[in-house]
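Student: One letter stands for each residue in the lines below.
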Amino acid sequence: MNQEPKSNSLPISIIEEYCTICGICIDSCPVGAIKEENEKILIDETLCTLCGVCVSICEEGAIVIEKEERVAFKLEDYKGVWVFSEQRRGKVEPVAYELLGKGRELADKLDCNLTAALLGHNIAEEAEKLIQKGADNVILADEPELANYRPEPYANVLKELVLECKPEIILAGSTTIGRSLFGRLAVGLSTGLTADCTGLDIDKEDKKLIQTRPAFGGNIMATIITPNTRPQMATVRHKVMKELPFDKSRRGEIIRKNFSKEILNTKSKFIEFVEDLSQRVKLTDADIIVSGGRGLGSPENFKIIQSLADVLHGAVGASRPVVDEGWIPFSHQVGQTGKTVSPQLYIAIGISGSVQHLAGMQSSEVIVAINKDSNAPVFNVCDYGIVGDLFEVVPLLTKKLKAVIK
Amino acid sequence: MKIIVCIKQVPDTTEIKIDPETNTLIREGVESIVNPFDLHAVEEALKIKENSGDGQVIAISMGPPQTKDALKEVIAMGVDKAYLLSAKEFAGADTLATSYTLSMAIKNLGSYDLIICGKQAIDGDTAQVGPGLAGQLNIPQITYVKKIEKIDVTSVRVQRMTEEGYEIIETPLPALLTVIKDINIPRLPTLRGKLIAKKIEIPVLSSQDIGADLEKIGLSGSPTQVIKVFSPEIKKESKIFSEDVENGVDKVAQALKEIVEKIQ
Chain L
-17 MNQEPKSNSL
-7 PISIIEEYCT
3 ICGICIDSCP
13 VGAIKEENEK
23 ILIDETLCTL
33 CGVCVSICEE
43 GAIVIEKEER
53 VAFKLEDYKG
63 VWVFSEQRRG
73 KVEPVAYELL
83 GKGRELADKL
93 DCNLTAALLG
103 HNIAEEAEKL
113 IQKGADNVIL
123 ADEPELANYR
133 PEPYANVLKE
143 LVLECKPEII
153 LAGSTTIGRS
163 LFGRLAVGLS
173 TGLTADCTGL
183 DIDKEDKKLI
193 QTRPAFGGNI
203 MATIITPNTR
213 PQMATVRHKV
223 MKELPFDKSR
233 RGEIIRKNFS
243 KEILNTKSKF
253 IEFVEDLSQR
263 VKLTDADIIV
273 SGGRGLGSPE
283 NFKIIQSLAD
293 VLHGAVGASR
303 PVVDEGWIPF
313 SHQVGQTGKT
323 VSPQLYIAIG
333 ISGSVQHLAG
343 MQSSEVIVAI
353 NKDSNAPVFN
363 VCDYGIVGDL
373 FEVVPLLTKK
383 LKAVIK
Chain S
-8 MKIIVCIKQV
2 PDTTEIKIDP
12 ETNTLIREGV
22 ESIVNPFDLH
32 AVEEALKIKE
42 NSGDGQVIAI
52 SMGPPQTKDA
62 LKEVIAMGVD
72 KAYLLSAKEF
82 AGADTLATSY
92 TLSMAIKNLG
102 SYDLIICGKQ
112 AIDGDTAQVG
122 PGLAGQLNIP
132 QITYVKKIEK
142 IDVTSVRVQR
152 MTEEGYEIIE
162 TPLPALLTVI
172 KDINIPRLPT
182 LRGKLIAKKI
192 EIPVLSSQDI
202 GADLEKIGLS
212 GSPTQVIKVF
222 SPEIKKESKI
232 FSEDVENGVD
242 KVAQALKEIV
252 EKIQ
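Residue numbers (my numbering), protein chains in the order written: chain L, -17 to 388; chain S, -8 to 255.
Derived by calculation from the structure, the hints in this document are not laboratory data.
The structure displayed is predicted, hence computed values, not measured ones.
Any given hint could be a false lead.
[To be verified] Over 10 Å on every C-beta distance to chain S, these chain L residues come out as not near it, computed from the model:
| # | residue |
| --- | --- |
| 1 | Leu24 |
| 2 | Cys147 |
| 3 | Asn240 |
| 4 | Ser334 |
| 5 | Phe361 |
[As the list claims (entries may be wrong)] Covered stretches of chain L, as calculated for chain S (at least 3 residues, CB under 8 Å):
| # | stretch |
| --- | --- |
| 6 | 83 to 91 |
| 7 | 130 to 143 |
| 8 | 201 to 213 |
| 9 | 264 to 278 |
| 10 | 306 to 320 |
Glycine included, every Cβ here is placed at the ideal spot set by N, Cα and C.
In isolation and in its complexed conformation, chain L is listed as follows:
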């Protein structure tokens, strides 16, 4: 490959014969690098980041980014779908079961095995469950050093396993573990990683993994591929993929692997875990979340939210302003700066629905909004909305539900 920069210009260009100057690229550019001048579309190369948004949005195919293809990986050597099966304190996390559900579908489309990679200590029992949840086999790394998540030994172990077994796809939950681990692992493997996906599929023609995720605070969705390196790595949002029911008749091999002390070595030490007792139900695992915002008026009024959450057996969430005000701890915050959730049911009460908040809950299955302002943006994304005084509506709703829900 050419070691000199090709020229002083970026490898992006407009094909003028195709361009109709419709201006859609100008509106789409996230950094404002495109403008129209003298009936020509111009790209300001000091601003352009080659993000590719304009290329994909142009209906005429008039914008091209030239990329030199590198082929360092023999793609045909890689086969199989892997799910990193995150465990905490010896129990596999629900997100791993969700990924096995999706992984099963991908593996069937590719006609290959679905493997669960399980790292921990004294967790052989959990391995059986992974088979029952859809895995064909489990690779088990059972070592005292792996009892709690530590980035270095976890990344080292997975790197060694991937180099040995060559899976074509490897998935993890988009959790505080998955994101931290895969960010490091992708670098070790020199391959591509797509964060916080909400959609995964296999391209019918070239069998590549098609990854869809929100970007720019959920304002746009992007479809991303990893064409030339393997494995194709992705972290996946909780609660978006559907898990399969336990199938006790499923059988599969549990493959135990051993590792050298060097690989298991870690400089950072886990001292202890401190549980957050203010959160009765874990937000990211909750099927139902009831969230309160500034409309509540004061911290005491969160009890209205809590009562409804109790009746529905749901978790309590909150918008950023009320967390910033100190009405409720940060661990309850839903949104771009807090947690991204996708429960079966999300109820937003007294929350207007800033772009940041919507980014954190928009992939919920059913959204209910209660707000006195009929123009609140949250009503644009809800399935059910009640425009009214929350102090009247919510207690009434709670009462009615209490009568009909066990």
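Place chain S on chain L using the hints.
Tutor: For chain S alone, coordinates are given in the frame of chain L:
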């Protein structure tokens, strides 16, 4: 103690609105800002320096030439030195190419004790560059740090936020931390800081300056590729009750009951 803070200039996504008529982004008047999480990283670095009595805080960023403004902003907060990685060949970098580029720049700055990054940037929201950079440099990483309990020249002990509480982790230095907004309240630039920022020369480094391999940077060093972008689906069939609230509550209660039964 020498602390390096990595920052990114981002479009202010809080200012980006969706036009409900056309379902496209309204970017008019959207400014470039320092990624908000990175301001918490800068604040924590400055606090550590102040508490230890001596030391140096260096900010680095990769981006187009106007990223200098972002670096000047953190200089005005009290950062001692800043470097900008800016050259055409860096453009189009995904998280792998970015973490490699930053690692090469950091290696060229000589020895360091601590690297602090924001937990993620608000434009891409990947949270991958911090862990990737730690991997490139082969140093320990602790992500989602909500509090530094103790730090000296040899080690750091922190609280790391998780989904159900927090962990206490200790690691020898050098190490890389990514921080969440819970950790501190970033200071505002001072007048004196602004004067310094106005005068300071920010060195601009190219791939040659940091000895980076051209195959590992920018577009050619980026294994991921965006093939399509589209607007998120907007739910069209919302049922909004605004007149008869009591009737609305009845209907919603009925719908919720069915959802709850389905979940159970």
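Student: Take the hints in turn and mark each one as holding or not.
Tutor: Now for the hints, and whether the structure bears them out:
{"no.": "1", "hint": "Leu24", "verdict": "holds (16 Å)"}
{"no.": "2", "hint": "Cys147", "verdict": "holds (20 Å)"}
{"no.": "3", "hint": "Asn240", "verdict": "holds (23 Å)"}
{"no.": "4", "hint": "Ser334", "verdict": "holds (13 Å)"}
{"no.": "5", "hint": "Phe361", "verdict": "violated (6 Å)"}
{"no.": "6", "hint": "83 to 91", "verdict": "violated (count 0)"}
{"no.": "7", "hint": "130 to 143", "verdict": "holds (count 4)"}
{"no.": "8", "hint": "201 to 213", "verdict": "holds (count 11)"}
{"no.": "9", "hint": "264 to 278", "verdict": "holds (count 6)"}
{"no.": "10", "hint": "306 to 320", "verdict": "holds (count 4)"}
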